[in-house]
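Work out the full structure, taking the sequences as your base and the hints as a guide.
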Amino acid sequence: MAHPNHFLQRFFNPASVAIVGATNNHLKMNFRVLQNLIHLGYAGKIYPVNPNVGEILGIKTFARLQDIPGSIDLAVIAVSAHKVPGIIRECGRKGVENIVVISGGFSEGGEGGRALQKEMTALIRENRIRTLGPNTLSPVNTANNFVISFNPVKKLNRGNLSFAFQSGFYEPMINWMFSHLGISKMLDMGNKMDINELDALEYFAQDPDTGIIAMHIESLHGNARKFLNLIKSVSKEKPVIILKVGRTPAGSKAAASHTGTIANENDAVFDGAIRQAGAIRAQNLEDFFDLVKAFQFCRLPQGNRLAVITLSGGEGVMATDACETYGLKQARIGDNTRGKLKIIFPQWEIPLNPFDAGVCMEFHLSDLTVFFNSLLAIPEDEGVDCTIMQMLPWTFNETLINPDSSEDMSGAMKALYIQWLLSMKKSGKPFALWCTSSGSDEVGLIEQIEAGRIPVFRSSERAVKAFSAMNRYREKNSLGIGPLT
Amino acid sequence: MEIIDKAIKRGQTNLSEYESKRLLADYGIPVTREALVGNSESLMEAIKKIGFPVVLKGCSPDIAHKTEKGLIHVDIRNENEALAAFKAIIAGMNGTENSVLVQEMIRGKRELVAGLIRDPQFGPCVMFGLGGIFTEVLNDVCFRVAPLEEFDAQEMMQEIKGHKILGAVRGMEAVDLEMLADILITIGKIGMENEKIGEIDINPLIITGNKPVAVDALIVLGSSRA
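One line per chain: the protein sequences are A and B, in this order. Quick note: to get our numbering, add 142 to the position in the first sequence (first position is 1). Quick note: to get our numbering, add 736 to the position in the second sequence (first position is 1).
If you're looking for bench data, these hints aren't it; they were derived computationally from the structure. As the structure is a computational prediction, the values presented were derived from the model and not from experiment. Hints should not be assumed to be uniformly reliable.
[What the hints assert, rightly or not] Short, incomplete list of chain A residues facing chain B, as computed with Cβ under 8 angstroms:
#1 Leu362
#2 Ala366
#3 Arg367
#4 Leu370
#5 Ala410
#6 Gln418
[Claimed, not checked] Here are a few chain B residues that sit away from chain A, every Cβ distance over 12 angstroms (derived from the structure):
#7 Ser778
#8 Asn816
#9 Val956
The beta-carbon is built from N, C-alpha and C at its ideal position, and this holds for glycine as well.
Structure (structure tokens):
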């Protein structure tokens with residue numbers, strides 16, 4: 143596969159990496175950095191650097207960078223802040239062109255820290271070194287199992303989603319992310335001393351493995367107009383989802399002390415600007431992950447007509463409210479579809495959107511297969527652009543077990559349900575579930591359903607919000623259905 | 737532009753309402769018909785051209801918040817009222833010459849705001865929203881980075897929460913959205929073409945019939961934000 147001719151390429155695909163400050167003390171965070179690379183099977187050369195030990199996790203360890211025999215594509219620096227300038231000088235002498243500074247305590251760390259960062263800025267310019275951070279944890283590239291993280295990463299899940307963060311806030315949830323989302327790359331820009339959001343966006347725009355770009359931004363460091371123009375052009379091919387925080391004056395101040403930037407942003411202007419450029423703005427963290435999930439799992443809706451299948455009339459009303467609030471329209475199904483649905487609805491209930499499937503199950507359920515298959519007509523209807531459905535509560539499983547039979551049907555039921563959900567996707571139109579409860583049974587089921595790339599949202603409202611954002615994105619960028627990624 | 741250069745030469749940090757509107761009008765933005773007068777004869781002459789009812793305002797680059805200072809007299813219907821208002825304004829302004837603005841009285845219940853700011857990061861940005869006292873109270877405004885395309889301007893008009901005010905409501909005509917979009921696009925253009933303009937504030941932009949008219953305007957010179 144063709145790879146972009148961009149300087150960040152070597153941050154994501156280093157042939158060799160030095161870990162300065164590697165340790166064999168498993169209680170130190172640095173230990174995980176090396177452990178992850180080894181456990182996940184990163185194939186490049188690994189050079190731990192530590193003057194006090196000969197070997198870490200079975201790998202020969204070097205006292206100084208200079209002692210490393212080969213060339214170093216990327217040096218990851220995890221030593222105390224005051225030692226970092228010295229290490230950068232060593233990198234310069236060794237000919238290292240790319241570094242990641244994990245250490246914190248620079249522009250976010252008072253006057254002393256700011257002075258250190260200033261010294262570092264001069265040093266990297268002088269030595270022509272590109273720098274990620276300081277105050278960063280990354281990069282991650284699932285294609286070559288290259289993961290810089292403080293958390294033991296269990297399993298990678300590859301996909302077309304790439305993230306750029308201005309914080310390591312995602313670190314504690316990295317394993318959750320890998321269990322629900324298909325990820326290509328992650329970049330934490332930290333204090334953005336050198337590499338900033340513009341570089342990240344530029345790289346992801348060119349990267350053939352990236353199909354969806356998700357960015358968390360506290361403040362802009364690159365040229366803001368360039369950033370907008372780049373969003374405008376890349377949005378024609380790849381959705382750009384932006385979580386911009388520090389939107390209140392107090393939040394903006396907090397962002398300034400977090401990554402040592404100047405808070406001079408007008409949130410209303412930022413909001414209008416990225417909307418104008420065609421990006422999708424996430425309002426908060428939940429919204430951010432809802433959006434990336436929807437964009438990754440579903441094709442773009444080709445219109446705003448929503449069908450709602452609910453298990454309770456009450457939830458149906460809530461979903462209908464959400465539909466109106468977020469600019470979708472209640473879909474109207476054709477006579478043909480209504481005819482197909484009549485089989486499962488009791489005589490006194492007319493099948494209308496929102497469809498109360500609970501009524502069918504309560505009063506008319508003789509054959510679950512007939513029930514499921516009839517509902518398939520809803521997403522197929524030409525008056526429907528997208529469908530959401532309330533997830534079956536897993537207690538439902540038990541109501542289907544015949545107490546007089548010794549046969550255990552529970553596993554088979556679950557399999558049948560998931561199989562049926564997958565056929566709901568066959569129309570190619572977006573289909574999502576919502577599940578308001580989160581008992582342990584539900585969590586397990588949600589994980590299985592999402593593995594089949596059907597998003598499960600915590601409320602009908604959040605499902606509607608995500609589909610509405612997708613539809614607006616399509617309209618804004620005049621896009622067709624696009625490939626399923 | 738000449739108006740700007742002259743004002744800077746005179747040491748002004750902003751254009752007066754009259755100067756601001758001349759500049760906007762040069763770009764094709766509809767403004768109130770008005771004249772600047774310095775004595776009672778020119779006042780009467782101006783009124784003859786404009787026709788009652790009129791509005792009289794104190795006009796100088798140094799005054800902001802004209803309402804609070806009692807320098808605006810609206811709905812003046814005869815010569816006596818006009819003379820009294822003229823005298824009161826002159827007294828309130830310490831007698832700067834040519835300093836009273838006579839303008840047509842624009843009637844319309846819908847007041848909007850349109851303007852330009854220079855964002856430290858994004859540069860010139862166009863602002864649009866609900867005007868008059870609602871600008872401060874409801875803060876229902878939105879922004880786009882200049883230059884604007886037709887689509888951007890249309891989107892801005894949909895984006896404010898009070899966008900229904902632009903439709904046919906309470907027996908009022910639907911606003912000429914194309915004309916309103918043109919105003920927003922033009923404001924962006926002014927920002928792109930005139931480095932020396934720091935800020936434009938058209939408030940209120942009153943809808944009369946179905947057409948927007950700039951009733952008050954202020955252009956701030958130089959960078960508006962530190």
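Against the structure, the hints come out as follows:
Satisfaction of the interface hint for Leu362/A is found here, the shortest Cβ-Cβ separation to chain B being roughly 6 angstroms, below the 8 angstroms cut-off. Hint status for Ala366/A: holds, given a least beta-carbon distance of 4 angstroms to chain B, under 8 angstroms. For Arg367/A, the suggested interface contact is upheld, since its CB lies about 6 angstroms from the closest CB of chain B, less than 8 angstroms. Interface restraint check: Leu370/A against chain B, minimum CB-CB distance 6 angstroms, threshold 8 angstroms, status holds.
Because the smallest distance between the Cβ of Ala410/A and any Cβ of chain B comes to about 6 angstroms, under 8 angstroms, the interface hint for this residue holds. Checking Gln418/A against chain B: minimum C-beta separation of about 5 angstroms stays under 8 angstroms; hint holds. Interface exclusion of Ser778/B from chain A stands, the closest Cβ pair being 43 angstroms apart, more than 12 angstroms. For Asn816/B, the condition that its CB be more than 12 angstroms from all CB atoms of chain A holds, with the nearest at approximately 47 angstroms.
Once the 12 angstroms rule is applied to beta carbons, Val956/B is consistent with being away from chain A; the minimum gap is 16 angstroms.
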